[in-house]
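Take a look at the letters that make up each chain.
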Amino acid sequence: MFLGIDYPTWWFLVVGGLFSGYAILDGFDFGAGAWHLFFRKEENRRIALNAIGPVWDGNEVWLVIGGGALFAGFPVMYATFFSALYIPFMLFLLNIILRAIAIEFRGKEPMLWWKKTWDIVYSVSSILLAFLLGVVLGNVLQGIKIGERFLYIGDGFFDFLNPYALMTGFTTLSLFMLHGANYLLLKTEGKLYEKLERLLKKAIIFFGISFGITTLYTLLYIPHLSDDFRSNPSLFVVPVLVFLAVANIPRLASKRNYRGAFFFSAISIALMMVLVAVELYPNLLLSTIDPEYSINIYNAASSDKSLLIMLRIAAIGTPLVLGYTLFVYKTFAGKVEIDENSY
Amino acid sequence: METEILARIQFAFTVAFHYIYPPLSIGLGLLLVIFEGIYLRTGKAVYHTLAHFWTKIFALTFGIGVVTGIVMEFEFGTNWAVYSRYVGDIFGSALAAEGIFAFALESGFLGVLLFGWNRVKPWVHFVSTLGVFLGSMFSAVWIVVANSWQQTPAGYHIVGEGFNARAEITDFWAMVFNPSSVERLLHVWLGAFLAGAFLVLSVHAYYLVKGKHIEISKKAFKIALYVATFFSLAQLATGHASAEGVAHNQPAKLAALEGHYPESAAADLYLFGWVDNETKEVTGVKLPGGLSFLLHQDWNAPVTGLDAFPKDEQPGQVNAVFQFYHIMISIGMALIGLTVFGFIQLKRKKLFDQKWLLKAFIWAVLLPQIANQAGWFAAEMGRQPWVVYGLLRTDEAFSQAVSANQIWFSLILFFVIYLLLFVLFLYLLNKKIQNGPFDKTRIQKNPRQQAYTQILTE
Numbered sequence: 001m002f003l004g005i006d007y008p009t010w011w012f013l014v015v016g017g018l019f020s021g022y023a024i025l026d027g028f029d030f031g032a033g034a035w036h037l038f039f040r041k042e043e044n045r046r047i048a049l050n051a052i053g054p055v056w057d058g059n060e061v062w063l064v065i066g067g068g069a070l071f072a073g074f075p076v077m078y079a080t081f082f083s084a085l086y087i088p089f090m091l092f093l094l095n096i097i098l099r100a101i102a103i104e105f106r107g108k109e110p111m112l113w114w115k116k117t118w119d120i121v122y123s124v125s126s127i128l129l130a131f132l133l134g135v136v137l138g139n140v141l142q143g144i145k146i147g148e149r150f151l152y153i154g155d156g157f158f159d160f161l162n163p164y165a166l167m168t169g170f171t172t173l174s175l176f177m178l179h180g181a182n183y184l185l186l187k188t189e190g191k192l193y194e195k196l197e198r199l200l201k202k203a204i205i206f207f208g209i210s211f212g213i214t215t216l217y218t219l220l221y222i223p224h225l226s227d228d229f230r231s232n233p234s235l236f237v238v239p240v241l242v243f244l245a246v247a248n249i250p251r252l253a254s255k256r257n258y259r260g261a262f263f264f265s266a267i268s269i270a271l272m273m274v275l276v277a278v279e280l281y282p283n284l285l286l287s288t289i290d291p292e293y294s295i296n297i298y299n300a301a302s303s304d305k306s307l308l309i310m311l312r313i314a315a316i317g318t319p320l321v322l323g324y325t326l327f328v329y330k331t332f333a334g335k336v337e338i339d340e341n342s343y
Numbered sequence: 344m345e346t347e348i349l350a351r352i353q354f355a356f357t358v359a360f361h362y363i364y365p366p367l368s369i370g371l372g373l374l375l376v377i378f379e380g381i382y383l384r385t386g387k388a389v390y391h392t393l394a395h396f397w398t399k400i401f402a403l404t405f406g407i408g409v410v411t412g413i414v415m416e417f418e419f420g421t422n423w424a425v426y427s428r429y430v431g432d433i434f435g436s437a438l439a440a441e442g443i444f445a446f447a448l449e450s451g452f453l454g455v456l457l458f459g460w461n462r463v464k465p466w467v468h469f470v471s472t473l474g475v476f477l478g479s480m481f482s483a484v485w486i487v488v489a490n491s492w493q494q495t496p497a498g499y500h501i502v503g504e505g506f507n508a509r510a511e512i513t514d515f516w517a518m519v520f521n522p523s524s525v526e527r528l529l530h531v532w533l534g535a536f537l538a539g540a541f542l543v544l545s546v547h548a549y550y551l552v553k554g555k556h557i558e559i560s561k562k563a564f565k566i567a568l569y570v571a572t573f574f575s576l577a578q579l580a581t582g583h584a585s586a587e588g589v590a591h592n593q594p595a596k597l598a599a600l601e602g603h604y605p606e607s608a609a610a611d612l613y614l615f616g617w618v619d620n621e622t623k624e625v626t627g628v629k630l631p632g633g634l635s636f637l638l639h640q641d642w643n644a645p646v647t648g649l650d651a652f653p654k655d656e657q658p659g660q661v662n663a664v665f666q667f668y669h670i671m672i673s674i675g676m677a678l679i680g681l682t683v684f685g686f687i688q689l690k691r692k693k694l695f696d697q698k699w700l701l702k703a704f705i706w707a708v709l710l711p712q713i714a715n716q717a718g719w720f721a722a723e724m725g726r727q728p729w730v731v732y733g734l735l736r737t738d739e740a741f742s743q744a745v746s747a748n749q750i751w752f753s754l755i756l757f758f759v760i761y762l763l764l765f766v767l768f769l770y771l772l773n774k775k776i777q778n779g780p781f782d783k784t785r786i787q788k789n790p791r792q793q794a795y796t797q798i799l800t801e
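These protein sequence lines are chains F and C, in that order. Quick note: the first sequence, position 74, residue 74 per the numbering used here, numbers continuous. Quick note: the second sequence, position 444, residue 787 per the numbering used here, numbers continuous.
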């Protein structure tokens, strides 16, 4: 216990914080990638790519740390979750690799066919990654077929492509595209900037529709997710904040305050993660077979001693990470400037 | 059974491929720090050019190292669920520390190292280079600590029984400084320095043989040769310490390394040989009693052999372990011979006139790579049948929820994508080498883009 909160809960907050940070950071660069093929000119594509050039790699670190944190704090969850969603995660890894190859290699040859090929790989993999993250999230929210001894006993891949997961997939993709468009607006000028202004409007509509449908579906068909809100009405403030944050994005965009819009798309992602955390807590992964088999933060956790060690590591390390993340973003703040070191 | 073998093949394949890159990043990182450090002290443009040139190659190895590393992190969960549950309490804190202290440091500063040449002051850039290098060194610390814990568990106790049994941490520092971590870490670091130094030697030897970039290549070659000579020799000491550790902590592994079967008898040291696991005989060239002497300074001292262990606690592939180990040792000796000879020639000012020697250095880049791979294969296959030595067997550790078909799918997927990755890597590496250190910008080839770049940067 620390400040009256037990260690598994602290670690739940750490993991949640890491995955939120990951969603915000890789969210905008997946989003930027998803728009890539909408830019027609080679110069524009290059600028868009270099907008994320110095930071995408650092953003993926959050995935690595988040995965490590899950392994470290909730080994049972890590083991069941990744072996159950084997194929989705393998496809995720495949796309992470393909996307990195595309970013690194597109600029290495002058031929147009070379660049165009990698542009397609880059954009399609960005879209699939955002979508897959959403699919995984949808399955976590619904629960999966966990049997005795935390063993997954479902049919595998096609089990995971259920209607709700597809909806959360589209919602995540649209949110990241919205977020990515906001980011690119901060990084570009001229014709490309004007084009992005038009694309942002489309993204807002795309997101509005998919978010609305997913919310309705959740309320109607997945009632267990609102249990916590019924039993503790003060939590109702979280979904209200989500809607306010989301509503701020079109408001600020219409005033062409894209810095503000980007800030609020980031806040929206963070608040949605809080919403997910509130809905799940203290569970991590529900069993759709028997609640007895569900994985929660207590039956999945490492020992208190181990958690305490890791909390200390996190307390020392997090300020450092934030410090040099800020330093890097400050170094590359402002509009993209292409030089001989660019992609 | 099939699932286990497939999971092992997939893990071995993905980790072996991954391990081509991080050692190069660590080794090249060291040379980048040296080049840029000299530039900061002397202000000579040639060292700036060297640092800038090698940064580009570093970027290539680093990028592939990151993506193939992400695969490794998740593969514990996807394919080794039982293992993950068993070791999570211990292994997790090492991985978490790696992520937060090491990987975040290197990836964070990487952006400045690669793209910040014109944006920050030279010393800030140097600090970023140093950050990336130290980050990659720390990365090795936590990974080797975790792996060493699997070889020589310490600072833990077992909680629960049967399916619920798992190792829980009792003493963090005892886990970190488990009996084999320090010497294995040093061995891994030095192997990485050699991988990087030999790549620099190879590329600049190539330029010298071709008669290109002569002056800059002589400077780079000299520096890399100092590094390579020093660490080849030092590797002898860490290697010896590792072998002594294995003898003490993992006697069955040591016995497999030299194909030593008798329960307790003087053990020979083979130069090379072939082990027949059925007849328990080794055919080859040996120094009788050599292993006994190395370990105990006594040619007749008894060493525990494989027969002292039940059949199901012996490594299954004794000959493979033996071969990998001897490949590593032979290469280690060859590296010492090559670098010391080169060093003497350098001091006699004859090095750069001897084309055959430079040509040898061009190809020698493969040697540390092969030795690094062979060393790990010997260490990991020699640990079998245990995944955690003496505690958890490999055939109990894989994911029950994953079918053989699913692994076939991912295995083929990884094979195809890594093949593509490797071809692209070689292609781009070659391209960068052909362009040479004075390739100011690749954009110059395309006038339209060049004009555009000027507009943007002015």
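It is worth saying that the hints were derived from the structure and are not from the lab. Errors might be hidden in some of the hints.
[Claimed, not checked] Below, simulated DSS-like cross-link-like pairs (lysine-lysine); rule was C-alpha separation at most 25 Å, straight line:
1. C/K702 / C/K562
2. C/K553 / F/K330
3. C/K399 / C/K623
4. C/K399 / F/K116
5. F/K116 / C/K774
6. F/K305 / F/K108
7. C/K698 / F/K108
8. C/K775 / F/K115
9. F/K145 / F/K41
10. C/K654 / C/K399
11. C/K774 / F/K115
12. C/K555 / C/K464
13. F/K108 / C/K702
14. F/K335 / C/K399
15. C/K693 / F/K108
16. C/K553 / C/K464
17. C/K464 / F/K330
18. C/K555 / C/K399
19. C/K623 / C/K387
20. F/K187 / C/K464
Hinted pair C/K775 and F/K115, Cα distance within 25 Å:
Holds: C/K775 and F/K115 sit about 18 Å apart, inside 25 Å.
Is C/K774 within 25 Å of F/K115, Cα to Cα?
holds (16 Å)
Proposed proximity, C/K399 with F/K335 (alpha carbon, max 25 Å):
holds (24 Å)
Within 25 Å, alpha carbon to alpha carbon, are F/K187 and C/K464?
holds (23 Å)
Keeping to a limit of 25 Å between CA atoms, is the pair of F/K116 and C/K774 held or broken?
Holds, because 20 Å separates the two Cα atoms, which is no more than 25 Å.
Decide if the proposed pair is consistent with the structure: F/K305 and F/K108, CA atoms, cutoff 25 Å inclusive.
This hinted pair is violated, its Cα atoms lying about 49 Å apart.
Regarding the pair C/K698 and F/K108, is the alpha-carbon distance no greater than 25 Å?
violated (32 Å)
Holds or violated: C/K553 to F/K330, with C-alpha atoms at most 25 Å apart:
Distance of about 43 Å is beyond 25 Å: violated.
CA of C/K399 to CA of C/K623, is that 25 Å or under?
violated (51 Å)
Are the Cα positions of C/K553 and C/K464 separated by 25 Å at most?
Violated - the C-alpha atoms of C/K464 and C/K553 are around 35 Å apart, more than 25 Å.
Take a quick look at whether F/K108 and C/K702 sit within 25 Å of each other, Cα to Cα.
violated (28 Å)
What's the verdict on C/K623 and C/K387, does the C-alpha distance respect the 25 Å limit or exceed it?
violated (61 Å)
Checked against the numbered hints above, the structure violates hints 2, 3, 6, 7, 9, 10, 12, 13, 15, 16 and 19; every other hint is satisfied.
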